[in-house]
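Q: Next come the chains, spelled out residue by residue.
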Amino acid sequence: MPGCRLAKFLICIIISATLPTAFATNLSPTATDGAENNAASVSWASIEAQAQGQTVYWNAWGGSPTVNRYIRWVAEQVASRYDIELIHVKLDDAATAVSRVLAEKSAGNLTHGSVDLIWLNGENFAAMRDNDLLYGPFTQQLPHFSLTNPQDNPEITTDFTRPTEGFESPWGKAQLTFYYDSQRVSSPPRSMTALLDWASANPGRFSYPRIPDFLGTTFLKQTLISLVDDPAVLTHPVDEQSVDAITAPLWDYLDTLHPLLWRGGRHFPASGPELKQLMGDGELSLAFTFNPSEPAATVTAYQLPPSTRSLILEGGTLGNVHFVAIPFNARHQAGALVVANFLLSPDAQTRKQDTTVWGDPTVLDSQQLNATQQAALLNTAEHPAQLPATALEQVLPEPHPSWTRVLEKGWITRYGSR
Amino acid sequence: MAAANLTPVTPGVFTRLIRLMPVVTLGLLTLPVVAGLAGIIAPALGWLPALGGESLSLAPWQALGQTPGLGKMISLSLTSGLISAALSLAIVLLFIAAFMETAVFRLVRGLLSPLLAVPHSAAAIGVAFLLAPSGLASRLLSPWASGWAQPPDYLFPGDPFGLALISGLVLKETPFLLLMCLAALPQCQASQRLKVARSMGYSPASAFTKAVLPGLYPLIRLPVYAVIAFASANVDVAIILGPSTPPTLPVAVMRWQTDPDLSLRFLASAGALLQLGVTAAALIIWWLIEQLLASLLTCWRINGKRHQAEQLSRWLGGSLIAALIFLLSAALIGLAMWSVATWWPFPAAWPSPVSLGTWQQATTTLGEPFRHTLSIGFAATALAMVLVIGCLEAETLRTRALSSSAITIIYLPLLIPPVAFLYGLTQWQVQFGLSAGWLAVVLGHTLFVLPYVFLSLSESYRRLDPRWSQLGAALGAKPSRVFWQIKLPLMAAPIGVAAAVGFAVSVGQYLPTILLGAGRLATLTTDAVALSSGGDRRLTAVYALTQLTLPALGFALALGLPRLLRQRRSPRHKKHRPLSA
Amino acid sequence: MFDPPTPDALILEQISIHQAERCLIALNTRIEPGEILTIMGPSGVGKSTLLAFLAGFLASTFSASGQVWLGNSEISALPAERRRLGLLFQDPLLFPHLSVGGNLAFGIPHGGSKRQRHAKAEQALADIGLTGFANRNPETLSGGQRARVALMRVLLAEPRAMLLDEPFSRLDAALREEIRQLVFKRARDKGLPTLLVTHDQADAKAAGGPVIELTTHKNAAGSDPCGV
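Chains as they are written, first to last, in the working numbering: chain A, 1 to 418; chain B, 1 to 581; chain C, 1 to 228.
Calculated from the structure, these hints are not laboratory results.
Glycine included, every Cβ here is placed at the ideal spot set by N, Cα and C.
Wrong hints could be hidden among the right ones.
Unchecked claim - Interface residues of chain B toward chain A, partial, derived using beta-carbon atoms under 8 Å:
| id | residue |
| --- | --- |
| 1 | D153 |
| 2 | P160 |
| 3 | D261 |
| 4 | L262 |
| 5 | R520 |
| 6 | V529 |
Said to hold, decoys possible - Sample of chain A residues lacking proximity to chain B, with all beta carbon distances greater than 10 Å (derived):
| id | residue |
| --- | --- |
| 7 | G53 |
| 8 | T193 |
| 9 | P231 |
| 10 | A245 |
| 11 | T247 |
| 12 | W251 |
| 13 | Y253 |
| 14 | G315 |
| 15 | P384 |
Turn these sequences into a full structure, and let the hints steer you where they fit.
A: Printed below as a string of structure tokens:
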């Protein structure tokens, strides 16, 4: 069943990244207009009052025990702090929640929706915005939102190059990170070209999730970025005239790579977690993830070899922010707002960043925090499988969303039915 | 049961209530299926205003036609459905032919009944781990025999021919068909037929094939059709064991339905209708083969040959069943090993060190899904039992069986691919303001539980000697009293087994739980499936094991209780049982 | 593949059948070709168990000792299908999936052309006054007709002895006499040693052979049949 597909992790964990500055300047003013803060905080007390006693249904991917445990902690916190009952509706795919909201809308249920809060980003956000399925803009109402310093951090207000316009609130970050078994791999590849050489020396020991899994698509985007002459072209919508020329090197690359992949490229893992499981089984020697601390966390959870190490490609890798959003017909909007705000609190963000808990990097800007909060946030445990924070500074922006479609369609046509 | 308080009321009320049962049941089954199908037909023709589809068009079908690999998807669904059903049936029949009325037969029956309780997804996960290149089998041989220090790179599961998928389906469907055959054998006087044929010189396998099978097959035809429909349209086994480039049609449909790109819903709806056609085609092909065989075999049955392929069928039937029990058990043992594993690298055949950490960690979260699974399972099973027994009792009151179209409706939810109507159903569910949650999920489960309960109960109920009721009536008992005090106690054993089957079906449901409960009702199965997408096999194993414990307990109760009661009622057994027996 | 039926005696040598440690039946006797031995006794005494043992169908909850011989060959170690004992049950048990002719053809040993087998079945039907019934569905036959077809089916299989398990008890009185005579006559004509199990005195009388009366274990307190 839909179950096994992690595709949605995608939605959850992902996506898009920092925008080119030109874009950013367009967006940020709406999101962070300081003048509105006063008005918002006046109403915030009443929102919290309204939220008391509400039951908030948070539809979030449920495939990771560590994430589930963190969400359970959040539920305990909002129960004791705000008298909100938070229920984690565990999804195998955020798109399931999108379908449900859509079904409710087409059935005329405009105020009593069953979904109060969704963990999503990228395509699912775009799909919900395009169909007017989201409540907002609401982020300026959240007292903690300013801690992200959106003016200086444009990725906070852009999702897949699309301005969030206040319709989703950030709560975590991700960056494409490779990991390998250092017992088997002494010199891992540090570029896409090196990857090809490595794969021909070690056939069958690398793979990537089947398209349209988000992590698989991310791999295509990363490859495309490193193969095009001028990555700037990818920040614009796809141009029908030039698209074939731009993507040709990618398909050539994949044509060469596929026979060298696990199962000869005839079969692909369904998702990032399956990729991880294959690393754990010893079938693969090199894999990648969107959560930089996942390798360390899963070594601790006995799922990866103790000799696992991480790396970022030379020149950087794709990164993005993931968000929570509120459906237009959510029954408990006040409660959902309070939960979204709590997720941005220094307490919640610090705990989330702790590798022994989850290890998901914070979206807060440390400049906005007081000394105690900063110290707590920086005090994260070191692990040999984890990269130092400095290694994560080269973040590549997501291409325009239209490229996702082109790459997915092209891949499925070429390799989807062999 | 709900009708219990009616016992003291006039028989007229009881009779009237019972007569209503078939109507209620058929309505309850038809409405959701038809409505669900209606819910996808409109989008399949391009009409779904919420997504901007405001005019009818064939565009979704054109898009479907242009889907790369569509032909392969269809043929995969068709062949995996037909081949796995044929193999399962062949294994079951070969085994019964060779071993009916032997000690081996009773042993296998005892071993397979609990395996029936293993949920599809758990079995598939177990099999994948067993046979994958890094699986238990390869670990046991490595590196000493195979020389593999790293797992070999062969394509299984997920092979392009669907062999892994077929074997996974066979593994799960064979116990089901065997159980159905076991229930049907007494109804076709199998034992007497066998004796007649053997006393005339027919060897066991020939006697079975020529004298028993023609009476048995009509009784198991609907279960066989249900197996074909399930195998051609299932999503959970195919996603774990099936090929991926391309996947089977139902998996592709499910992916389109859950794709973030909402415009794919049109394509998904067209695909779901196509799947309906593919399943129908599989059933029609099977039916044609049935007709062909029936006419070919008539002469063969009376040609007087008494010893045909005896050794072969004995050997095949025995070894296939043994292999099947071995595989399923090994898959379960593999799950158990994973549930206590820590870091367990290839090629270690045994997890070391072992730890109960995963179990401890799970106990904090298992409680709620456990309660939901139980309460939904009980409610859906109880509802289905009331309706099924009501329908069967209505048959006796009217002294004629339900019409064949009514029977077909009862099996509708098993014959219509769930991907084809469940999505449409959620739309209507919201439309009619039936709030997502416990009740909706119970009703959804009942759709799938009821046919299985009917399958396992109807024949025994119909075969109950009518003289018992006539005797009761002659003694002055009203129909209600005959029902409560004569029929139900006499039927206790088959009712228990039917309830256990129904409960197991409910426990294994994934799609209806997620869709009709808006995902708010976590059951062991929904959690296990969600976890299996997260790749931590240890925790998945804990959930899968817990998930199969419940139905296994149900079967143990259903099979064990009557046996226990019988022993207590039979003092002779106690007194005379020899110590050495 | 079958020898022509030769008249051999059916010998029951030191037979005893136990359920748990309780003795049901002990028997030591010989049935000559064409002779009909009747075993009488109330229900529950183990008559049918004895037949099941002779035919090779004894349930595993029973244990038995002793040997069964057909002439010079011991058959008690053979599987049921190799014993060649013709068994008639209380019910005719005609296969509903075969026509009347099909049921008869089922009994005919393999061999011969389709036409020869057909002729053989037709002849058997003629012998019992059912000419032209070959294509009928067995369910359209009367009780007496079914009993006759069942008899012919057994005889066509060329048994070397007959075992009759109260085959007349379900027939009404008028028919019973007719079928009884038919069965006995056929068995005698073929020289088959025949064992009849019944609780009906009239059956025993009509059989005209030796009669063995079994009593229940309870009644025979102190005289365990197996103790003899």
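Q: Compare the structure with each hint and give your call.
A: For each hint, the structure was consulted:
Checking D153(B) against chain A by beta carbon gives a least distance of about 4 Å; that is within 8 Å, so the hint holds. Because the beta carbon of P160(B) sits about 7 Å from the nearest beta carbon in chain A, less than 8 Å, this interface hint is met. Of the supplied interface hints, the one on D261(B) holds, with its beta-carbon coming within about 7 Å of a beta-carbon of chain A, less than 8 Å. Among the interface hints, the one on L262(B) holds; its C-beta lies about 5 Å from the nearest C-beta in chain A, closer than the 8 Å criterion.
With its C-beta approaching chain A no nearer than about 5 Å, R520(B) sits inside the 8 Å limit, and its interface hint holds. Interface restraint check for V529(B): the shortest CB-CB distance to chain A comes to about 3 Å, inside 8 Å, so the restraint holds. Non-interface call for G53(A) relative to chain B: holds, since the shortest CB-CB distance, roughly 18 Å, exceeds 10 Å. Distance to chain B confirms T193(A) as a non-interface residue, since its nearest Cβ pair spans about 23 Å, more than 10 Å.
With a least beta-carbon separation of about 24 Å from chain B, P231(A) lies farther than 10 Å from that chain, consistent with its non-interface assignment. Every beta carbon of chain B lies more than 10 Å from that of A245(A), the smallest distance being close to 23 Å; the non-interface claim holds. The Cβ of T247(A) sits about 17 Å from the closest Cβ of chain B, beyond the 10 Å cut-off, so the non-interface label holds. With a cut of 10 Å on Cβ distances, W251(A) stays outside the contact zone with chain B, its closest approach being about 15 Å.
A cut-off of 10 Å between C-beta atoms confirms that Y253(A) is not in contact with chain B; the least separation is 18 Å. Annotated as non-interface, G315(A) keeps its C-beta farther than 10 Å from every C-beta of chain B; the closest such distance is 29 Å. Every beta carbon of chain B lies more than 10 Å from that of P384(A), the smallest distance being close to 15 Å; the non-interface claim holds.
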